[in-house]
Each structure stands twice: as C-alpha cells, then as structure tokens.
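S.K.: Here are the chains, one letter per residue:
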Amino acid sequence: MRRMMRRVAAGAVAAAVVVLGGTASAHAAAGALSEQDRVFLRGAHQSNLAEIATGKLAQSKGSSAEVKELGALLIADHTKLDASLRKVAAAANVSLPQQPNAEQRALQAKLQAASGDEFDAMFVAGQLEGHAKAMALGEKEISAGSEPAVVNAAKASAPVIASHHEKFMAAARSLGLPDSVDSGTSGVAAAGDNMVAAGLVGLGGLLVLSGAVVALRRQPAR
Amino acid sequence: MLAATGAASFHDSVPDSFGQVQQAHVPQAPDSEPLNPQSQAPRAPRQQPPSRPPAPHRPQNSARQFPTHLSIPSLDADAPVVPTAVSRDHRLLLPDPSRLGWWAGGATPGANSGTTVLAGHVDTPDGDQGALYALSAIRPDAKVLVRTPTGVRTYRVIALRTYPRQHLPPEVFRRDGPHRLVLITCGGTYSPTTGYARNVVAYAIPDR
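If you read the protein sequences in the order shown, they are chains A and B.
In terms of the numbering used here, the first sequence opens at residue 3 and continues consecutively.
In terms of the numbering used here, the second sequence opens at residue 125 and continues consecutively.
In short, the hints are calculated from the structure, not lab data.
Computed from a predicted model, the values in this text were never measured in an experiment.
Hints are not guaranteed to be accurate.
What the hints assert, rightly or not - Quick list of simulated restraints, FRET-style, between CB atoms:
1. B:D213 - A:P99: 36 to 42 angstroms
2. A:R175 - B:P273: 17 to 23 angstroms
3. A:N95 - B:K267: 47 to 53 angstroms
4. B:V276 - A:A78: 37 to 43 angstroms
5. B:H291 - A:K157: 46 to 52 angstroms
6. A:N154 - B:K267: 42 to 48 angstroms
7. A:A67 - B:D252: 39 to 45 angstroms
8. A:I144 - B:R299: 28 to 34 angstroms
9. B:G251 - A:R175: 32 to 38 angstroms
10. B:G275 - A:N103: 26 to 32 angstroms
11. A:S145 - B:D331: 27 to 33 angstroms
Using N, Cα and C, we set each Cβ at its ideal position, and we do this for glycine too.
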C-alpha cells in the first residue's frame, strides 16, 4: 500500500512537472515578446484594416480601371496578411486594435468625401504614404524585433507591401503632369506682404551700403 | 556693397517677372525655358552624361528616398512633406497649408535625373501664412534642405519665376534632364472668386 502510495505520489509529481514545465515554456515564449514586437503587431494590423477599407473605397469610387484593380489587390493581399498576423498575435497573446488609427480614419473620411476628379490622386498619394509607413514599421521589426514568429511575420509581409508600393509609384506617374497648383485660399499674400522680407533685406543692404559710403568718406579725413 | 545691389535688383524685379533674375543667375536661359540644363555647366565633370540610361528603379523600398521635411533657413520656412498626386483635371493636389506636397509622379530628392517638385500653400483659409508664404522673397543661392529617411539633401536656389496659375508649362515638371528641385506656391494678384493669378516657382540645383 505504501508502495502504491509512493507510486501515485511519484506520478502526481511527474504530472505536475509536465504541467509546470509546459506553463514555464509558455511563459518563456511570452517573455521573449518585446514592446517592439507588440508595436509591430498592432501597427501592422491597423495598417491592414486601413488598406482593406481603402481598397473597398477604390473599387467603388475609383475612376480608372488601374485604381479599381489596385483596390481589389489591396483587399486580397491585406486580408491574407492580416489572417496570418492575427494568428501570430493570438499565439503571442497580444490583443489587437479594433480599427485603424486616427490618421488612417481621417484619410478614409477624406477619400469618402473626395470628388470624382480628385479621388484617384488622393487614393494613390494616401497609399504611398501609408505603404511607406508600413514598410518602415516592418523594417524596424526585422532589425529590432525579438520574438522570431513576429519577426518572420514582418519578413513575410515585406515583399507584398513593397510590390504594392511599386504599383502605386507607377500609378502616380501614369496620372500625368499637372498644369496648375491651387496653393492659395485667402489672399493674404496678394498685397505683397510676403515681399516685405525681401524689401527689408534690400533696405538692410542699402543701410550697410550707406554705412560703407560714410566709412569711405571718413577715411580721407583721417 | 555687391550684396546690397543684388538685393535691390532682385526685389525690384518681383512685381512683373523674375526673368532678369533668371538671366542673372542662370546663364543663357531662353525665356521659354525656365529649367536651364546649361546652368549646371560649371559642374560638368560631376554630371552624368546625357546619353546614360537612368539608374534602375530601386525594387526594394524607394520610399526611403521620399522627402519627409523641407527647411529653408533663410526664410524661416520649415514644414513636413507628404506625397501628393495629380487630379483628373490636372491639378497637383496639396495637403493642408501647414504641410507641403511632394509630386510622387516626379523624381525623389537626390535622384540621378528629373525634377523633384514640392508645392505648398502661400496662405490658409483663415488668413494665416501657409508653409511657403515667404517663397516670393527667396534669394539667389539660398540653401534649401530636403530631409528623406536616408539623410538630408541640400539644394541651392538658382532662379525664381512666376507663371499664370492655370498654365504651368510642362517644363516645370520635367522628368528627364539634370536633377533639380522645384518649389511652387501661389502669388500675384488675388481675386476672391478666382484666387491668385499666378504661381511662384523657385528652381534649385543640388549643392554639392
């Protein structure tokens, strides 16, 4: 009986060791996750959400076939990227934001309100800015991240985002040359107020000049 | 003494056109050609031969060359830069007046060829100053600093011109030729219905 008790006890200890061991290794994994990893997971997820929403807008509001296709590409690629990202985040026990960040939401509101003439340009420019930030975020994770699964997620998404970026660069070029820039609204510069600086520089120069003349005139007197 | 004379003539030429200034600072510039390839002639040894094909587009991350910030110390101008693009009715769209737009269809700062175009508001709807309020007062040889994620590019102003606002010549946006920086804002007379009559355009070349 005592022997049996010992065996049971030994078994319990062994089981406890297995359980504790498992918990310990899970803790170790969570411990390896750095703040950088969390920042990347959250930022990349928000960027995916923003690209998917913007892609839908491009499909409905875009005026060229190129922009509509870019919209479809954003939806397809960022949906895939986000599915694998969410798995990595869940395994690492990182909670993700429910919506894009304030800047991304502001861009969406702007695109929603854009006229037909302006939508494509605003979409392309906004995506260039967004993808530049997404690429920078990924590069930071690849160089400074800790948890291998998160770093690998950044590595896997990098070529996809870079290929989008190149497509948006080409789209920006295909929009053609501008012939006008509406860079004024209230007319405060019309009175030539903004020329005051040049006027002052000119006046200052004249003062220096007259000072030099005075100095020259004084010289012979010495 | 020379500086004073230069300042006066630069200022005097402002109301109508900057043609004289252009000619003074950009040798052999025909009136119809504000971008003057000859202006870099003294720098010929360092210049790329014109027949050489453009450098291959960076496949990895050309966003590292995007301009992110512009600074013109002599004008106290300092503003962040974001990409912008051209509308279907051919307007270069601009961000809010506190920021500048970089035309993403053109060259990145420090490119081997083509024009980097940065445009910004002269004023705000509330009557305040925009990011490029003082551009009309820029002086020849003024330094213009453009920051990118990889470093700061320095340019030197060689000319200042104005054009009718709805008719900027395509030469302003040249995608070929020697690399240069073009800064654009509004200026001239103002009408509440049609806005400013002209665009003010400053040309700068790499200051190596």
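S.K.: For the hint 39 to 45 angstroms, verify it against the beta carbon of A:A67 and that of B:D252.
M.R.: holds (41 angstroms)
S.K.: Given the hint of 28 to 34 angstroms, check if A:I144 and B:R299 actually sit that far apart at their C-beta atoms.
M.R.: holds (33 angstroms)
S.K.: Lying within 36 to 42 angstroms: is that true of the beta-carbon distance B:D213 to A:P99?
M.R.: holds (37 angstroms)
S.K.: Starting from the hint 37 to 43 angstroms, judge whether the C-beta atoms of B:V276 and A:A78 obey it.
M.R.: Roughly 38 angstroms apart at Cβ, these two residues keep to the hinted range, so it holds.
S.K.: Has the hinted range 32 to 38 angstroms been met by the Cβ atoms of B:G251 and A:R175?
M.R.: With a Cβ separation near 36 angstroms, B:G251 and A:R175 satisfy 32 to 38 angstroms, so the hint holds.
S.K.: Measuring from beta carbon to beta carbon, are A:R175 and B:P273 in 17 to 23 angstroms?
M.R.: Since A:R175 and B:P273 have Cβ atoms about 21 angstroms apart, the given range 17 to 23 angstroms holds.
S.K.: Can you tell me whether the CB distance of A:S145 to B:D331 sits inside 27 to 33 angstroms?
M.R.: holds (32 angstroms)
S.K.: So the hint says 47 to 53 angstroms: do the beta-carbon atoms of A:N95 and B:K267 match that?
M.R.: holds (51 angstroms)
S.K.: Quick check on a hinted range of 42 to 48 angstroms for A:N154 and B:K267, using CB atoms only.
M.R.: Hint holds: Cβ distance 44 angstroms, inside 42 to 48 angstroms.
S.K.: Quick one: are B:G275 and A:N103 within 26 to 32 angstroms, going by C-beta?
M.R.: Since the Cβ atoms of B:G275 and A:N103 sit about 28 angstroms apart, the hinted range of 26 to 32 angstroms holds.
S.K.: Within 46 to 52 angstroms: is that where the Cβ-Cβ distance between B:H291 and A:K157 falls?
M.R.: Between B:H291 and A:K157, where Cβ atoms are some 49 angstroms apart, the hint holds.
The structure meets every hint from the earlier list without exception.
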